[in-house]
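J.: Here are the chains, one letter per residue:
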Amino acid sequence: MENFKNLSDEKIITDLLPQKFGRRGMIWTTGLMVLCGIGGFAYIKQLKEGLIVTNMGDYVSWGIYISNFVFFVAVSLVGSLITAIFRLSGVQWRTPLTRIAEIIAVSNITFAALIIIVDMGRPERLYFLFNHGRIQSPILWDVIVITTYFFLSLFLLYITLIPDISLMISLKFKIGKRFSKIYKWLASFWKGTEGQEKLRDRAITILCVTIVPVAFCIHTVTSWLFATTYRPGWDSSNFGAYFVSGAFLVGAGAVVVAMYIYRRVYKLDRYITDDHFNKMGKITVLLALLYLYFNVNEFLVPAFKMKNEEKDYLNGLLNGDYSLMFWFAVLTGMIIPILIMIFKKGRKPLPMFVAGIMIVVAAWFKRYLIVTPTLLHPFLPKYDSPLRFNHYFPSWEEWAITIGSMAGVLLIITFFTRFFPIISIYKTLEDKHTITKKTETIEQYESVQIS
Amino acid sequence: MKAFKYHKLSIILLLLFGPWISKINAQDSVASKTQLSISYFLPVNNLPYLEVNTRKKNGRKFEAVTNIPVNIYFDQAERKNLLGQVTTDSTGKGRIGLPASFKNEWDSLNEFKFIAEESSPQGEALSADITIKKAILTIDTTSADGTRMVTAELKEKNGDNWIPVKDIDMVLSIKRLLGNLSVGDKETYTSDSTGVSRAEFKRDSIPGDQKGNIILVAQIVDNDNYGNLAVEKLVNWGTPVKPPKNFFAQRALWSIRTETPFWLLFTVYSIVLGIWGTFIYLIFQVRKIKKLGA
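Protein chains in written order, with the working numbering: chain U, 1 to 451; chain B, 1 to 294.
Okay, chain U solo, but in the shape it has when bound (with noise of 0.2 Å):
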């Protein structure tokens, strides 16, 4: 907050205010629009012919698509750890991050409820959930909860941007005639009187409490679809905390990533400081360390027992076909970027996005060897099946919908910086105005003399 209390308002505003794609921004954007493009040319022809372009089948029901779904979901779940946990507990240091995590939370779990359409084959189906749904059923609770979780972080990011629009509306940001309707729709009525304020205010301050229960809930229940069943490597009573801490682990990496990369292409050194990637380090640390932890009573216990139903399932990932994957996800997203962010110089900018990545490419390998190595491994013996079946690697048209997903979460992404502020204005101006007030205040303390 230091590094910019000297600078004047209008020069914060003319930081922090959208600016338009240039060349690289034109050529990423248009990168992901062809990425998402053949993923819904590939999702067409699933359409078209069934999921039978799929390489699922009656083992692994459940392959990419699921895998990327929890892997998005854990994503989502940062934005109620930065702007919720932290506005709550007082974390003052929060202004930047905040947004930037309310738009990656947003943007995930909406591709995360979209993916779960694609994984059924067959959408028109999709309101089947809730005539025939049975409330017992952990897949509906999860339909409920990605729900009310989409809506209340849509809400927070929108009632934080309500002040940031109306500057831009005050300031005749010039967007088009077209973005300048919603703009005013969406936040004409604010004038920043006492009594706004103070109604907004309450109303953050009631839906961060109301979030963070739901944020929990969603990938607590999320973890309940693979623990309430019966089936080696899911039957876990650990499984809630287990997803719940690497959820907080992936969103963080994930904010850690997007600050390096809008520091860098916006210039932003002055508001996301070293200090913000030292802070955010020790962070991600403690829950690397936190997630570890699970993953040693997920693994290793189990391991040590080596019961006979679930010795082939835990050999394939500890020392057979999933080796690799897995400790490749052992190492690089937890123990490399704790011994990366546990040093002082591994908390400076680029070494903590390199570690970023690690964690975030790593959570996705994880959460993919969390579903498939089970369901080639079933309690009851494969009977009468073809060949096929015990093995599963996806199809280009699963590959082409997964990634097109992902390139759709960016794109949200993309599009949301070049139409909003991604640093909140408003409140880093506030921030601004409480340190020079504090400063002035220091000051007329020191300059009356003790007699």
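None of these hints come from the bench; they were simulated from the model.
Just so you know, even glycine gets a beta-carbon here, dropped at the ideal spot from N, CA and C.
Any given hint might turn out to be false.
What the hints assert, rightly or not - Computed list of chain U residues with no C-beta within reach of chain B, every gap over 12 Å: (1) P18; (2) R24; (3) M33; (4) Q46; (5) F151; (6) F155; (7) E194; (8) K198; (9) L290; (10) L292; (11) L324; (12) P351; (13) F419; (14) T441.
Stated by the list, open to error - DEER-style ranges, computed between Cβ atoms: (15) U:Y293 with B:V221: 31 to 39 Å; (16) U:Y293 with B:G277: 32 to 40 Å; (17) B:P240 with U:I139: 28 to 36 Å; (18) B:A125 with U:N238: 54 to 62 Å; (19) B:P261 with U:N131: 17 to 25 Å; (20) U:I44 with B:D140: 44 to 52 Å; (21) B:P164 with U:P381: 49 to 57 Å.
Claimed, not checked - Straight-line C-alpha distance at most 27 Å; calculated DSSO-like pairs for lysine-lysine: (22) U:K279 with U:K11; (23) B:K157 with B:K103; (24) U:K198 with B:K290; (25) U:K181 with B:K288; (26) U:K282 with U:K267; (27) U:K382 with B:K175; (28) U:K172 with U:K382; (29) U:K382 with B:K57; (30) U:K181 with U:K427; (31) B:K134 with B:K155; (32) B:K288 with U:K191; (33) B:K57 with B:K80; (34) U:K5 with U:K432; (35) B:K290 with U:K177; (36) U:K427 with B:K290; (37) B:K57 with B:K33; (38) U:K184 with B:K288; (39) U:K191 with B:K291; (40) U:K172 with U:K184.
With chain U's structure known, arrange chain B on it following the hints.
T.: Just chain B now, with coordinates in the frame of chain U:
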């Protein structure tokens, strides 16, 4: 020295047989040529079919060889005798039903030779044949003095007559969900001079369907002369298994949607109403903010 004496025998044995053992292992580790085989099946539905199998020995295990096109002929490998072509699937197997055009031969002959030949000119020129005698397998049950017997009879066609076949191993079993369970203690039962094999039914308390029905199965498996034959019979020898009364009508986790336990309904609805109630309240707060700015 004492240790040497103790292990002397092992060392001598190792020197003697070591090279031979290593040779066996070396042979095992080399993949052999593809093998083609053909089998005849007369399943329960009485529609006979032929199955070809292509596999290869790799080490000590057989591996399926896939995508091998195979022509199947009757009697001689000539174009006019072609019954059809199959391509082996991922399990190395391919199946073909006997075509309707084969009916005349089927009705007039008692013995059939089927030839399988790899049809791809680039292949290994694999071939196999099988000669099958026309036979019929029947299954029956008897019950006397509290002893229940399962009998199966095999007859082969000789001229215009069906004559019993002795000394044939038959599997007499009960159909279960994931496989068959022998009706008695033995795995197979051999037919006597009347062509009948008998087994005492010793699974008195075996669970059947809701009426106590079970399916008895008689099989001849991979016989050189008759191939694979199977026949079934439904009998009321099992214990009726009825789902508990009102099993799905009670309020339980496994019940239908209208029978959700009250505690679960209460928990879910309180959470949903609590959270969505708060959300709606917050939307009203935004409306208030809006009014203040109007």
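J.: For each hint given before, does the structure comply? Return the numbers of the non-compliant ones in rising order.
T.: 5, 6, 7, 8, 15, 20, 21, 28, 33
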